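A.B. asks: Okay, here's what each chain looks like letter by letter:
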Amino acid sequence: MPQSHIMPGFRPALGFTLFYLALIVLIPLSAMLLKTLQLNLDQFCDILTSRRVLTSFQVSFGAALIAAAIAAVLGSVIAWCLVRYPFPGKKIFDALIDLPFALPTAVAGIVLATIYEPKGWIGKWVMEAIGVQIAYKPLGIVFALIFIGLPFVVRTIEPVLQEFDSAMEEAAASLGANRWQAFIEIILPNILPAAITGFALAFARGVGEYGSVIFIAGNMPYVSEIVPLLIITKLEQYDYAGATAIGLIMLVLSFVLLLLINGLQWWMRRRNGQL
Amino acid sequence: MSAMNPSFSHRAKPLTLNDSAWVRHTLVVISLLTIGLFLILPLATVLIAAFAKGWSTYAASLSEPDALAAMRLTLLTAAITVPLTTVFGVSASWAIARFEFRGKNLLITLIDLPFSVSPVIAGLIYVLIFGAQGWIGPWLSDHDIKIIFAVPGIVLATLFVTFPFVARELIPLMQEIGHEEEEAALSLGASGWQTFFKITVPNIKWGLLYGVLLCNARAMGEFGAVSVVSGHIRGLTNTLPLHVEVSYNEYDFVGAFASASLLAGLAVVTLVVKTFLEWKQKQDLKAARQAAE
Chain A
265 MPQSHIMPGF RPALGFTLFY LALIVLIPLS AMLLKTLQLN LDQFCDILTS
315 RRVLTSFQVS FGAALIAAAI AAVLGSVIAW CLVRYPFPGK KIFDALIDLP
365 FALPTAVAGI VLATIYEPKG WIGKWVMEAI GVQIAYKPLG IVFALIFIGL
415 PFVVRTIEPV LQEFDSAMEE AAASLGANRW QAFIEIILPN ILPAAITGFA
465 LAFARGVGEY GSVIFIAGNM PYVSEIVPLL IITKLEQYDY AGATAIGLIM
515 LVLSFVLLLL INGLQWWMRR RNGQL
Chain B
19 MSAMNPSFSH RAKPLTLNDS AWVRHTLVVI SLLTIGLFLI LPLATVLIAA
69 FAKGWSTYAA SLSEPDALAA MRLTLLTAAI TVPLTTVFGV SASWAIARFE
119 FRGKNLLITL IDLPFSVSPV IAGLIYVLIF GAQGWIGPWL SDHDIKIIFA
169 VPGIVLATLF VTFPFVAREL IPLMQEIGHE EEEAALSLGA SGWQTFFKIT
219 VPNIKWGLLY GVLLCNARAM GEFGAVSVVS GHIRGLTNTL PLHVEVSYNE
269 YDFVGAFASA SLLAGLAVVT LVVKTFLEWK QKQDLKAARQ AAE
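Line by line, the protein sequences give chains A and B.
Take the first sequence: its letters are residues 265 to 539, numbered as in my numbering.
Take the second sequence: its letters are residues 19 to 311, numbered as in my numbering.
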């Protein structure tokens, strides 16, 4: 029911919104569901429990988890510095944080591969210094996903820190708490919901990420093959059923993550509302 | 002007000076190292690699017919998808921010859904409908209509991945602005469209441009979804990001990075305009709040 009878355009606006949503998103997504229903349960399970599929899920989820955790820590530090400390060039650094959002993933992919490959600027140095190869190994996937995940964390924590009322910190200090106690007791509980939300956003994005990963991953089956790449490989072999079954699991997982993230954001808003 | 507004500066308190110098320095160094390694170095690398063999090789690889065809296709794709996504975003935010109805939260979640779907799946779903083995694939090939491995498929996949971009900027903005001004105009006899163009559009213009800007960056830069439906036909179905991939995989690194430098340039311009729009919008909101006082 429209809340205000004077405001026009409810029916056409909602009608077009639903029509376009159905046309571009809902009908195509349900095509995938219907395609999967053509498989019987045995076929479906066979596809998903093959060793290649299982290892690709391990690679994708493992790398996304580690990368999101590292991005959560580094992103929190960056957000803290950007909000709290004065340093030269801060505005430019702040604007640069969104680069992974704006830079096409294929560009990010070839650039990261070039930098971190065994002969690349950083890759060569790391190889010589500690004997670790980054690109064309699972570690390369983690590096690409840290790049992708960083802005999610920084941009979720930054506004919370900006809104954060420093009076509580000052009160803690005047009551004799040291800086570390103030951090643990006051600051951390207040930014934790945002940090977890940023982590979840980075993780969700990382699991499905394709372009920035495939150039640096090496794409070895059973070792560094991510799920999105396996879907494409199956499609190229005209194994539509296999691609669809894996795709459906990914879709269900991303929907679960989306609901989880919505819940986290609601929790975050409520926490901040209570401040 | 409003930078001199005293009501804004009293918040800036030097409370962080409580942190000891070594804590501050360590954290700033960690931040700058991360930003340097993950953001600045990649950006610099694009330029260095693109000009590795000099200006003339750079220019030659960009004026190559396949590269030019890729640029044209990328511009065409953006020219179709950005207006459609914008019209959708405006209409969705009008319905959601101006009216109450059942299932509104579900609708907002569904609008956000393409954001959390892997780009590869965004391509896959269209292959399942329009591909040779897809739902209407046989019918399409009987009538000689090509969607997959052709431009329409690329446009559809791009429409999917850019779907939420304008709506998710406008919905919270229009909710924050409220509908009092629009109601006043309507009750004074303005028509719906007059109210929209004279009241709503000026109020939301920076947010709208912001959404359009990000939508355009994604439309021109999308790789995964487009990669699935394109078929990588040189000169025909390669967008600029796909041209980067093909050149790179053929060890034409200067060619790959030359095309990549155009996309990186687009990203930098996007960031600069975005920063400007954020500043503009903040000023507008501040002015509106002052006017309300």
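These are calculated hints, taken from the structure and not from any lab test.
Among the hints, erroneous ones may be present.
Each pair of labels, with its calculated beta carbon distance range [to be verified]: (1) 302/A <-> 310/B: 25 to 31 Å; (2) 294/B <-> 443/A: 51 to 57 Å; (3) 276/A <-> 254/B: 18 to 24 Å; (4) 97/B <-> 307/A: 29 to 35 Å; (5) 310/B <-> 286/A: 57 to 63 Å; (6) 453/A <-> 43/B: 21 to 27 Å; (7) 534/A <-> 78/B: 37 to 43 Å; (8) 397/A <-> 121/B: 50 to 56 Å.
Since the model is a prediction, treat every value here as computed from it, not as a measurement.
From the three backbone atoms N, C-alpha and C, an ideal C-beta is built for every residue, glycine too.
A.B. asks: Please go over all the hints and tell whether each is borne out by the structure.
C.D. replies: Here's how the hints hold up against the structure:
1. 302/A <-> 310/B: 25 to 31 Å: violated, 59 Å
2. 294/B <-> 443/A: 51 to 57 Å: Taking Cβ atoms as reference, residue 294/B and residue 443/A lie about 37 Å apart, which means the hint is violated.
3. 276/A <-> 254/B: 18 to 24 Å: Given a distance of about 38 Å, which is not inside 18 to 24 Å, the answer is violated.
4. 97/B <-> 307/A: 29 to 35 Å: Given a distance of about 43 Å, which is not inside 29 to 35 Å, the answer is violated.
5. 310/B <-> 286/A: 57 to 63 Å: Violated, at about 40 Å.
6. 453/A <-> 43/B: 21 to 27 Å: holds, 26 Å
7. 534/A <-> 78/B: 37 to 43 Å: violated, 58 Å
8. 397/A <-> 121/B: 50 to 56 Å: holds, 51 Å
Going down the numbered hints, you'll see the structure goes against 1, 2, 3, 4, 5, 7, while the others check out.
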